[in-house]
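Trainee: Chain by chain, the residues run as shown.
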Amino acid sequence: MGVSRLTLTHKQEDAHDDAIWCATWVPNSTQLVSGSVDESVKIWTVIEDQQPEVVDASHTYVGHTLGVVSVAIDVTGTYAASSALDSFIRIWNLQDNSTKAVIETPPSETWQIKFHPASDTLIVAAAGGSSSKVALWSAEDAEPKGHLGIPVTDEKFKKDKFVLSVAFSPDGRRLACGVMDGTIAVFDVPSGKLLNTLTGHHKPVRDVCFTPDSQMLLTACDDMHSHLYDVEHASLIEAFSGHESWVLSVDCHPSGTAFATGSSDAKVKLWDLQTRTCSQTVTEHSDQVWSVAWQHDGKRLASASDDKSIAFYSYF
Amino acid sequence: MSSYAPIDSDVHLFIPVALTDETVAVPVDDLPEEAEDVLNLLRGEEAPLSLWIDFAKAYLAQGNLKQYLYILEEGITDEVGQYFQQAKFERLQIFCALAAYYTAEGRKQRDRNARTEQFARAAQLLGSARQIDYEDQLPLLGLGQLELARGDMESAKRHFTSAAILKCNGRPNVAGTLALASVYFQQGNYNAALGHYGKALREHPGAPAEVRLGLAACLFRLGQVSQAKAAYQRTLDLSPSSGEALLGLAVIAFNSKDAEKGLREGLDLLCRAYDADPGQPGVLTLLARFCIQRGDWQRAKELAAAAHQAAESDSTRALALTLQARAHHAEGNYNLAYRAYQQASKLDPKLPLPLYGLAQIMVRQREQTNAISLLESALAQVPGWPDALHMVGQLYPLAERKGRTAVEHFKDAAEANSTSGAVWEMLGELLATEDPPGALRAYKHSLQLYREAAEKDREQRLRKLHARKKANSSLATENGNQIHHAEEDEEAQEEEAANRLHPLPAKLLNNAAILHMLAGEAKAALDLMQEATQAAKEDKSGALPASANVTLGFNQARVQEAAGNIEAAARSYKDMLEAFPGYTDCPLRLACIAKHRGDHAQALEWTQKALEAKPGLPDALAMQGWLHLEAKDFKKAEDTFMALIKEPSTKNDAYGWLGLACLNFASAPSHQKKEEDIVKARKLYGRAMDYFKHILEKNNNNIYAANGIAAIMAEWGDIEQAQKIFNQVQEAAAASESFLRMPDAFINMGSLFLALDKPKLAIQVYTSVLRKSFHGCQPTLLLYLARAYYDAGDLKEARSVLLKAVHLAPSDHRLHFNIALTMQQYAVRLLKQSRAEGDVSRLAEFEEAVMDLLQAHRFFDKLRSLGHHRTGIEPKKLDEHVNFCAQTHAKANTYLAQAKAEAKLQEARREESRVRMEAAQRQREVAAERVRIEAERKAAENERIARETAANLERMRTSWAESQALQQAAEQGDAGKADKRRKKNKAAAEEAQFYVEDDDEAEYQAPEGQNSRLAGTGLESSDEEEYQENGEEGDAGVEGVDDAGEAGANDEAGALQSPGGRSGRLLKRPREAASEQQQANGLEDDDVEDAAPIEEEVNEGEDEQGAKRSRMTHIFGDSDEED
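If you're matching them up, the sequences are chains A and B in order. Just so we're aligned: 292 in numbering that gives the first Met the number 0 is position 293 of the first sequence, and the numbers increase by one with no gaps anywhere. Just so we're aligned: 777 in numbering that gives the first Met the number 0 is position 778 of the second sequence, and the numbers increase by one with no gaps anywhere.
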């Protein structure tokens, strides 16, 4: 590691009809799921045994009536969840593409969504936007399973307590959510209690991601920085700068030695967590990079952009 | 000029009386008033023509130029020519003397035409002289001088070469050879000059000792110091009291390697020179100069006065006066200094030093404009004089003036001197304040030249090294010895050393880096800055003072910051701040970083720290003001700006004024329906206007102020004028080649296009500025863009743009309202669209419309439930929208049902054909089978969508059943009924009409009239959104200025200055920037005292100049003699 680099293997131009806002890999597979302003979610399969690699458009899932903001896949790779500006969360089966559940939430109260990492429960956490909380839903029956609320001391600032992003720690014990005012709230999942509030950002935190050991948290913020926090001690370990505009997405490599960020400066950056420096800058896109995602075995990265394209990179 | 100088020092001229042996003695100091009388006498006595010349010279010696010319003019008449036909040489002499006069006159002329006229006259006279005797040298010498005056060295050389082989009045004369030598000397071709001096000496061994002086000067210049010394020594042998020779030896001693010993010896020699010839002006001036260097002003004045007394020419006199002036100047006796400089300048208008001194005094008296013209004259004489260029570069921004002639001079000089990196560097420095793009180009060129030179140098060193190695190795082979390892190592080291490129000047690299940064080329800046730091490390010459490293360190951090490596930059700033607590640029940059990151508290803290280090620091105050303004803390912002401009030293701080202007602009109420609001807005805009105007009065290049004025004009409805100004601002920004980035002017332009009902143009402008300046991330700008699409009738695109805006700023209620509104309108349009029978797109579009109505309803409903206190949107309005969506939805459902029935029919037909096709397909191959499966799959999908849509609709319907709106709709059955009902109820009618028909007017009030808010072209609909809108508009106004603030802060860092037009910093920046350059020069950085930095620099420059000049004078002395 350390010297590993990203090499573009395939670029899917016009993957969607409009800007792509989210993308994530299906665990233990070479399938990527992407969501777009064009209201569709698409599944892409990387065919590995061909050289050069090809990417197949496997399926297009429709049903959302406004742009798709976030997609998530459960840990077994069986179910996909997607949320959109229409504030519906749709749960569907990746095997037969049938819709399993539709969760309706009030407008602007659903943003990023994530599945709980435990394989025995099918719980979706949704960054609750203007509700200032993270809502938990059962993906089995679309029933609410409680919520984790951010204390709002002053009603005047409620608008700033807009919850944009959410992430479970891989061990399932912690949940972090990024807020419009730059703070990150960390909850204890079993008890539902607020543990810490991480500070240091002062602008919207659009993406959060735990390191594989569940100890640290990476952020993507409009202040052009990505932060690395010690979650338990609520301390800022490092601030990463280098993007020339908002950092929109962050994803940690499964090995925990590197992470990737995507920014509205149209660049993807690869960072070395040991030296804490930027080790590579990729300029494949011509517009905002809304999402970066590592394949679960760490061999591949995908980046999705406002320019309607998805780029696939090998990493070794 | 021998022809000008009085050669006859006797007190009388003797006129032989015709036909007798007697003579009439005329005392030269008592010549008849009118030369005509003399001529009459001479004519009467038939005196020889040479006497005419003698008398002419005598008049000249008395300074009576008029009579001198009278005699000469008489001397060239045909009558005289015929009478003195035999006195060829004398006649020719008169022609030449007159030509010399016109040549000199021409030289003096500034006006090109006048110059040419004088030169033409001289040329004509010389031509006549040549016709008298082609074999004589004199006319050719004159022609050579004329060409010199014309600046044509090559032609001069040609004439002098011809002259050298001719005789003068039948006798051999080395004058031609010497003139040639002098030309070569002036051209810097010392070898050729040396050759000609040698030749002159060989041909005329008894030549005056001065020839040897010339020889010595050449040798000195050629670096053959010992031979030069010998030549001076020989001169001394011939004429032991030759002050010049001793002077030359003294200069050699001063320049010797052992400075201390050299100084001692030099002074000793100088004293001897003084003893030998106490009246030698060169010696006296040099001594005076020494005294100035040592600070012995009194002695310096005495010596300079003596030199003045002893001087034989105006130029030497001027020099002596200059020295006197400098002594006065240094003593602080500005009046005396001023007078002496002026006298000197009058005596020798070409002498640059007095002009420079006068300029310094002018600066003291704050007469920048005069100082500039003086410096420009000085530069006309010595193009590229570094001290003058530096000073003029500092002064330009302080004075308002059109046409910077020195810049032009300098551009010419640089073009002509295209191989000198140093000249281009200086051009860059000069242009930096006025024309940053030009400066950057000059720097780039300079860097290239330096690099080429460095490369050449390396090649040369390598070649030398290899040649030596070859010699060594052949030697080694001869000796049959093995090469020792130690030697090998040494060789490898040598090789490495030779192979290394010498670093470029750190200062140049630094300045170029900063300009690259200002131009937005962070990467190039970073590379150059790294090179600069490296070069400074390697520089052991000591030319860079310790402070330069601090500056370089700061700039390195600044460039890193610009390149996005903010964390590294912040660390550097903090380290530097620790080491130099008074370095306020560091906390200011840190404040900028914090501000950028949205951390206002931290930013304020840093500015506070800067203020603690330097109380009242204008930039820190300005920054604080902007921070308060951004936080919408208008009171605090106003207090801060007021504090800034109340201070006398910063009363014209453009930042402060700009801040006040924007503050007033931003706090004007946006909705001016109530009388009190109109009054208030008028007052606030008026005040903002006054402030903007104030800035422009101080600096008419401030495009931020111009932009502000245009914005207010647009608010006042003077669209035409506003557009004109916006155009100019845009042009200025474009002309700056990305040195000025001003998205605001573009945004305002776009809004203006909207106001003028040119949405297509607005779309173009908005799209481009969104991309160029905001990486697509600016929700407010997206809102404007959506509005433009809406106005252009492209609802679909408006909807898409708004969705993206909501995605960026999901908590913005205004965006939610507008997206709902757009969807509502879009749906209405889809439903209303007239369609052809059996239009296949109908069902899909109706479904789309219904979905959009649903969404719009949800958004409106949500906004309503949030309440007015959160959204700032009038509840009544939301109620109306909710109701309208419900009504239209009911109507739409009817349409949808119809469309569905139709679609079913079509589907049945399709099904039929599908069955037919299936039958056909069964007969086909396996591949076709796959196609069928795919078709089936798609059909299933469609069905599923239809099902889900139906489910959605059902769900919505149930939710609506609870709302009053739906009840109403249900009551009425469809929207058509609602129309009828409206007509019955007047109040209700108005409301309904508002929604159905006149939505455009109500919601998207085109900003046409007085009420139009320029920045308020958003889609907001509510009257009571004041707070919100204010905020936004504040943004539009403030943002521009915010950028200004940033720009200033940028400059803070840059070693240069703010590029032209930036945010009023113009008034100040260049000076400070220049002082930072001084740092790199090893000078004090002084922000407080206006005159101080310049004076200081001048003094230091002068010393250097003094040393140069001492050599120059010396050479001039020689050439004077030779002439």
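Hints listed in this document are in silico derivations from the structure and should not be mistaken for laboratory results. If you're wondering where the values come from, they're calculated on a predicted model, not measured in any experiment. You may find that some hints are simply not true.
To be verified - Covered by chain A, according to a simulated footprint, are these stretches of chain B (three or more residues, beta-carbon under 8 Å):
(1) 556-568
(2) 589-598
(3) 789-803
All C-beta atoms, glycine included, are put in the ideal place defined by N, C-alpha and C.
Trainee: Please verify the coverage claim for the region 789-803 of chain B: does it have three or more residues whose C-beta sits within 8 Å of some C-beta in chain A?
Mentor: It holds, with 3 qualifying residues against the three required.
Trainee: Verify the coverage statement for the region 556-568 of chain B against chain A, using a C-beta to C-beta distance below 8 Å and requiring 3 or more qualifying residues.
Mentor: holds (count 5)
Trainee: Mind taking a look at whether chain A covers the region 589-598 of chain B? Criterion is 3 or more residues with CB to CB distance under 8 Å.
Mentor: Holds: 4 residues of the region 589-598 of chain B have a Cβ under 8 Å from chain A.
The structure shown violates none of the earlier numbered hints.
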